[in-house]
Amino acid sequence: MSVRCREVDVAVVGAGPAGLAAAAAAAEAGRRVLVIDQSPRAGGQIWRHRDEGSLGRVPRALLARVASAGVTVLTGTTVVDAVSPRQLLVEGVDGVEVIDTTALVLATGARERFLPFPGWTLPGVAGVGGLQALLKGGTSFRGKRVVLAGTGPLLVAVAAALADAGARLVLVAEQAPWRRVTGFALHAFTNAGRLRDALRYRWAFARTPYVTDAWVTAADGDTRLRDVEVRTSRGTRTVDCDWLGCAAGLVPTIELAQLLGCTVERDRVRVDSMQSTSVTGVWAAGECTGVKGDAAALAEGEIAGRAAAGDTPGATSAALVRARDDGRLLGARIDAAFSLRAELLNLAAPDTIICRCEDVRRDAIDPAWTPRQAKLWTRVGMGACQGAVCGPACSALFGWAANTVRAPLGAPSCGAWQAALTPPALPGPPSPVRQAPEVDPHQGPAD
Amino acid sequence: MIGSPDVIVIGSGVVGAMCAMQLAESGLAVTVVEEGFGGGGSTGAAMGHIVVMDDSAAQRDLAAHSRARWGEILPTLPVDPSYDQCGTMWLAADDEELAIAGARAAAYTAAGVGAEVIDAHSLAALEPALRPGLAGALLVPGDGVCYPPAAARGLLMRAQAAGATLLQGTAASITTGRVVMADGSKLHAGAIVIAAGIGSNRLIPALPIVPRKGHLIITNRRPGMVRHQLVELGYLASAHGMGAASVAFNVQPRPGGQLLVGSSRELVGFDASINRELCGRMLTRAISMLPDLAAAAVWRTWTGFRPATPDSLPLIGKWLPVDGVWIAAGHEGLGITMAPGTADMIVASIMGTPAPLDIAPFDPCRAMPAHEAFA
Amino acid sequence: MTGVVSIVIDGTTREVAAGVTVAAALLDHGVMAFRRDLHDAPRAPLCGMGSCMECRVTIDGRAERRACLVVVVDGMRIETAG
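Sequences listed follow chains A, B and C, in order.
All residue numbers for the first sequence refer to the working numbering, where the first residue is 7 and numbers rise by one.
All residue numbers for the second sequence refer to the working numbering, where the first residue is 4 and numbers rise by one.
All residue numbers for the third sequence refer to the working numbering, where the first residue is 1213 and numbers rise by one.
Heads up, some of the hints might be wrong.
Stated by the list, open to error - Across the chosen pairs, the derived CB separations fall in these ranges:
no., chain 1, residue 1, chain 2, residue 2, range
1, B, Gly227, A, Glu349, 38 to 48 Å
2, A, Thr410, B, Pro135, 33 to 43 Å
3, A, Ser146, B, Gly39, 49 to 59 Å
No lab work stands behind these hints, which were simulated from the structure alone.
The beta carbon of each residue, even a glycine, is placed where N, CA and C say it ideally should be.
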C-alpha cells in the first residue's frame, strides 16, 4: 500500500462548527489548512446534510468562507494515529496518508451517552441524535411511529425534525422534571434566536405528547422493535412503535486528545483562554472541551484557529469571548437542568447486554472490580467500538474513569497502519535488505 | 484475620493461581497475596499459546507435561477459558528450514510429542491464506490456545473453592515463615511461594529476572482465515540476542475469529508504551506471510512484560538462601504453557512427594550465564 | 441532490435516491439486520454517526464498513446479515 504525504500549517480534526470555524480563521490568516472528518460531508453532526441547499444561513456562510479561504477538506477520512502533535496518520477509502503539520486543532465533537436497558440492542432502537443522523443521511421516517426518550434541547430539536419529515411522534419523553425544564427554558428564551428556535420546534410537534419526568424502561420485539415500556409519573405503560430514539445526553469525544497526552478533566479536554490544550501545538474547540452548543463552538473554533495560525492572545475579539462564555454558561445550565435521574442507572436487568460489541451481560460484571479487571475478565469494552458506547455507560453505572487510549484509533486496516508506520512514510531505521528471521534463538513465541 | 496458613502464595497470575489451586486441592491451607487481580499482570497481556517448545530437553519435557495437564484442567474450570486445540504450524520458508522441521519432528516424536512434517501442497490446503512459496511446515497438533486472564481467574476460583483465601495487598518483604505487607501487617506460614513474575525480584533481588517487553495486535473477526497458530520456523538462523529489539511472525486465531498478531521482544525496562516502529515491523512481517491480513482491522494493541531469565528456563523450586521459600517465576513467554508442571513440582517439593518431572534444571539457585541485562 | 442510483443489496438490485447513506438505503429497503451479534441476534444502527460500529456491512467486497459513513454510489454492492 502506498502512502501519500501531505504538509500543512494547521490540521483540524473534525468538520463541525468548531472545526470549520477554526479552519476558516487559520486559512484567512494565510496558513495552509487541512480539515479531516470521517463523515462523507463537512458539517459535523449538527449540520449533517445531503445537499447544501437544506442548510441554514450560518452553516452555508461558513462553508462558503472555508471554501474561499482555500481550506482543503478531507471527508470520509479517519484519524487513526497521532505519532506526535505534528504528525497524523489518516485512512480513507483510497488508502492512508501521513499529515505533517505545524499546529493541530482538535474539534472532535461529542457523541451520545447510551445507558443500557432491556431490549436496547434490538434493531429499531437508536439514539436521539442517532435518529436525526439517520434522517439527515436520507432515511425515510414518513408515517413511522417514533418514540423519543432523552434529555435536553437535542430531544426537542430531533422531535421537530422528525415531525417535519412526516414521522408520527407517538411520545417524546424528557427524563428531567418539569420544573427544571421550564426553569431552563425561561433562561434560554431570553435569547431571541433561541426563542425563535424553540417556538419553531414546539410548533413542529405541537400535537405530540411531550412528557417530562418520563423515560423508557424497556424495549421489546423479536427481530426488531415492536413496543417500548415508558415510565411516567402516572405509572408504566406500553407504547407500540417502529422506532425508538433514546439517549442520555452527550459526552465529549476525547480519544485523540488522550492519545496525544492532552490533560483531560471531567472527561473533557482542558483548554486555556486561547483554547490551547496542555500539549504544545495542540488546540481544542467545541464539544470535545465540554458540551455547550454550536454558537459557542463557532466562537471557540474561531479563537483556536487564530491561535493555531500564530495570532497573539490580544487579538481575540471581545465578541468572540462573549459568545464563548455565553455558550459555556448555556452548557452549564443544560448540565444542571438535565442532569440524569438515578433511575436511568438501574434499568439494565442481569441479562441485559452492557457491551454491545462483545455481548457482555450486566451480571458478568462485578461493580467492585476495577475497569481493567472487568475488561480482562469479561472482555467488556474490548470489541469493535473499543468502549465508545459502553465506556460512558460503565462510567455512569460503575463510576469507571474514561478509557485509556493506545494507538491506533478508529480500527484502521492492518495494511494502512503498517504502511504508515513503515519507512519512508515514517522516518525510522532502514528496513533490512533481506528479511532475516528476527526471532531470538532462545525464545519461542510469546504465550 | 488471616490465621497461619500452611502456604502463602505471592502472586496470582496463571503460575501463582495454578500453584494455589494445586496446593489447596492437596489439602494445604493456602493464602494468596495479590496486589491487583488474578491474571492482571503478564498473564493478562499474554497470547495464551499452549505450546511445546524444544530449545532444550528440560523445556520440552516441562512444556509437554504441562500441556497434557492443561488438557485435564481447562475443561474443569468454572469460567470458560476459550480453549481451542488448534495446533501449532511452524512455517518453513525454504528447503533448509524444512530440513530443520524434519529434525524437530523426529525429536518431538522421540520425546512422545506428536508432530509431523507438512509439505508445501498440504500446507496450502490447510492454511490457504498463507503466501505461496513456503516450503512446508512442522505441525504440532496437540498445541492449543486459551484466554489467559480467564484461565487465571478460573484457577483462582477453584483454589478458593478448595479453601484458599485471597488477600488483596502488596507483599513488601519476606523472611523465613513471614511476609510483611506494604501496610505493615504480617502474615505467617510454614511455606512461602513467590510467583510474582516480573515483580518477584522486588522481594528477592538476587533472582535473575528482567522484564522482556512484547507487543500484541488484535484484529476484528476474520473467522476461518487462519486455522492453526502460525509461527515462523526460521528463528534458528537468527543472530538476535538479548540486546536488540526483534520481531517474529506469530499469528493466532482466537476461538471467536479474531487474529492475534505477534510478536516483539525488547529490553526497555518497564516502559509500557506502544513502539510504533516495532508494530510496523510486526505487521510488515505478518502481512508478508498472510497477505489478506492487510484488510483486517486493528482493534487494539497492548504491551506486556515477560519475566525473562538468562538461560530462558524458569526458576522453580526451593530458594536455599531463605529457608521455607519457594520460587515459581521467570517463565518468560511460556508461563501459560508451563504453569501446570510448575505447580506440580512446587507441590511435590513442599509436600515431600515424588515430582512428575526432574526439578533440577529449574533450580532457582543454579549457575547461569552472565548477561548485562541482568546486572 | 436529485436523481436515483442503482445498488445491489444482498444480491437484489434496488433503486435509491442519490446522495443517501448506505444505512439510509438499507433501512428504506427494510433491512434491519445489518450485522449479527455473537449469539446471532440482528443488530442495526444505534448512533448513526460512526462510533457505535453496529451498522457494519460489506460494501464492494470490503468487510465491516460503517454504513452510516458511506454514501451510495451507482453499482455499489452491499452485503448485510439480513
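Going down the list of hints, with the structure as the test:
1. B/Gly227 - A/Glu349: 38 to 48 Å: 45 Å, holds
2. A/Thr410 - B/Pro135: 33 to 43 Å: 41 Å, holds
3. A/Ser146 - B/Gly39: 49 to 59 Å: Given about 52 Å between the Cβ atoms, the range holds.
The structure meets every hint from the earlier list without exception.
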